[in-house]
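Asks: Hey, can you work out the whole structure from these sequences and the hints?
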Amino acid sequence: MKWQTVETKKGTRCRVLEGGSGAPVVFLHGAGGLLADNPFLDGLAQRHHVFAPEWPGYGESTGDELLEDMLDFALHGWDLVDALGLRQPHLMGHSMGGMIAAEMACVAPRDLSRLVLVGAAGLWLDEHPIPDIFAMLPHEIAEALFVDPARGAALLTGGADLADIEALKDFYVITQRRLAMAGKILFPIPNRRLSKRLYRLRAETLVVWGAADRLIPPQYAAAWKALIPGARVVTLNGAGHMLPWERPEAFVDAVTAFLA
Amino acid sequence: MKFTWFNLMPWPYLPDDFRERHRSVWVDIPNTLYDPRKGHHVYHTYLDQLEYAESLGFDGIGCNEHHQNGYGLMPSPNLIAATLTRRTSRAAICVIGNSIAGYNPPIRVAEEFAMLDVMSGGRLVAGFPVGTSMDTNFCYGQIPALTRDKYREAHDMIMKAWASEEPFAFDGKYNQLRWVNCWPKPIQKPHPPIYIPGGGSIETWDFCLDYDYNYSYLSFFGYLRGKSLLDGYWERVAKRGKDESPYRAAFAQIICVADTDAQAEELYAEHCLYFFNRCLHVFPPFADPPGYRTMATVKYGALSQLTRARQKILENLTWKQLVDERFVIAGSPETVRQQLEECIKGLHIGHLFCLFHNGNMPDWKTRHSSKLFADKVMPRLRDLWPDYKHDERWWIHPMDDRLRPEERRPGAEKTQAEWPR
Chain A
1 MKWQTVETKK GTRCRVLEGG SGAPVVFLHG AGGLLADNPF LDGLAQRHHV
51 FAPEWPGYGE STGDELLEDM LDFALHGWDL VDALGLRQPH LMGHSMGGMI
101 AAEMACVAPR DLSRLVLVGA AGLWLDEHPI PDIFAMLPHE IAEALFVDPA
151 RGAALLTGGA DLADIEALKD FYVITQRRLA MAGKILFPIP NRRLSKRLYR
201 LRAETLVVWG AADRLIPPQY AAAWKALIPG ARVVTLNGAG HMLPWERPEA
251 FVDAVTAFLA
Chain B
1001 MKFTWFNLMP WPYLPDDFRE RHRSVWVDIP NTLYDPRKGH HVYHTYLDQL
1051 EYAESLGFDG IGCNEHHQNG YGLMPSPNLI AATLTRRTSR AAICVIGNSI
1101 AGYNPPIRVA EEFAMLDVMS GGRLVAGFPV GTSMDTNFCY GQIPALTRDK
1151 YREAHDMIMK AWASEEPFAF DGKYNQLRWV NCWPKPIQKP HPPIYIPGGG
1201 SIETWDFCLD YDYNYSYLSF FGYLRGKSLL DGYWERVAKR GKDESPYRAA
1251 FAQIICVADT DAQAEELYAE HCLYFFNRCL HVFPPFADPP GYRTMATVKY
1301 GALSQLTRAR QKILENLTWK QLVDERFVIA GSPETVRQQL EECIKGLHIG
1351 HLFCLFHNGN MPDWKTRHSS KLFADKVMPR LRDLWPDYKH DERWWIHPMD
1401 DRLRPEERRP GAEKTQAEWP R
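Chains as they are written, first to last, in our numbering: chain A, 1 to 260; chain B, 1001 to 1421.
Hints in this document: simulated from the structure, not taken from any laboratory.
Keep in mind that the hints are not guaranteed to be accurate.
[As the list claims (entries may be wrong)] Here are the computed lysine-lysine pairs in the DSS-like style, where the Cα-Cα straight-line distance is at most 30 Å:
(1) Lys10/A / Lys1242/B
(2) Lys169/A / Lys1227/B
(3) Lys9/A / Lys1173/B
Replies: Printed below as a string of structure tokens:
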């Protein structure tokens, strides 16, 4: 996989990780962004032409100030698809990225092939409130995201030692910037009334969930299925909210089987 | 110098093991700790103290806005201020202030502040804080990254509403009103003095200087720690070519006066420690949600909130530390005078928000400390800024023929038979 930078018509500049060949798949990351290593993308690139853009506010991508609300986010997704010159790609989104992908698919239901929602944000169930990621201490984040928090913390920080004050500072500044952006559609409750628009979906949809997801619990997979007629649900055991990183092979198998 | 007697209105019944049992005094504090029947007595004790402060000769009496907060019982400071308009007639009523990014629509603040200014006869000092992240983001649900933008828009609406003499349409990003027409309007022209409570962001300094508003640094950590921040502000003032009137700036300070230094410890230590150990026990992420501070500020002051060292500061505080580091200015009238003079001159401030009631301090101690201050300290600090003796740009301008409602009683003869022409 290699990085390229595209400029959207609106004026954002986004870095995109690209690789493989086959039908195009656009992967939208969650509130935490892409990690240093993303083996599931390599796995997907065995069969597909994978594009994983970094959202404005993440990594080297710029234009955070141009995007303020859910519609801005969804249209930015389509602006990226246009900037990459893609026609009817598969859309796949994890967590916040799933919320954006679903919104994109509601806005322009004929412009995508299939939709994959991975531990997707965007719905709210009063009986199953989602923990507030904006009010967590650093170590609490790994506990909410991963079945194995110790391994998860290492993945999140790229192995940096957060006892080291400089490393902690860098990590803190990067995280602040990312989550400031994510907050525009996730704060204070990650629900921008997407459920009212899901009737517009035409794409075949796969919902993939970690059976041990402590952030957005599996009841939300059932909620997506109830709102999207015909959606299939695959639940991965031994995985939490970060299932693509926690069980990359099983994840890639499930997605490739659906997209084939 | 202007002295304002300020009450944060802390809840005085937090249990001894509050720190151990609960993660935060703010946002998710268990509301079972609040007892409304005790609350009735607490409100009236605190209101009596504010009224007493006027009789002691303080220039202003002050209140502020916090939500879901164990050290603040004023989700609506305007209600508190409204009661004060009926029982006082001289002191400025300083509402520092309304967190305007959280009001929908913000015209409500223009209206309520106008009501207060009219009811008080032109004695309102109007504060417009961005609001702490605990209040504005976590309790009132505003998106952190958009809070400052929304704040500026609310400010623009309120100021235009006060200034405009005819209805106008306001087409904002966050607020759209077809008919803005402020009714009633404030007595003070062009508007009541505006105070902006702020931390250390350069954007806030420039905002105050753009409009010539007062910049208020409301810290609980004393003037030694506040100095670098206010030095930065005054550098900015100089750079912008503004005059250096000390009345451009205000500072909050916890003050405890007794007959002797030793007696100050004996009388006040446990109550100040209650404040620092229980009332300031805030879950760190509530104080710093991503986007609340600008990236420039984040990079500048990164992380002070999250280091364990910072969290430790408040864990084992002693009276000696509070006094040595000047979090608290405490002692005999002479000790307090000396330290306050150092504070006032060092920070170059013309307004002092004095915190005499601290934590669970009983009423008599609060009054004792306030009275000693008013009798023996305040007169000796009055004239620290002789060059600016007549600078009233950041103070109230009440109407001369205002009523003294505290002297009137229901059923008493009306003092004026006719409405004024």
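Asks: Run every hint past the structure and note whether it holds.
Replies: Evaluated hints:
Taken as a hint, the lysine 10/A and lysine 1242/B pair is broken in the structure, with Cα atoms around 40 Å apart against an allowance of 30 Å. With a CA separation close to 25 Å, the supplied pair lysine 169/A and lysine 1227/B stays within the 30 Å bound. Simply put, lysine 9/A and lysine 1173/B have alpha-carbon atoms about 22 Å apart, close enough for the 30 Å limit, and the pair holds.
Violation of the numbered hints given earlier is confined to hint 1; every other hint is satisfied by the structure.
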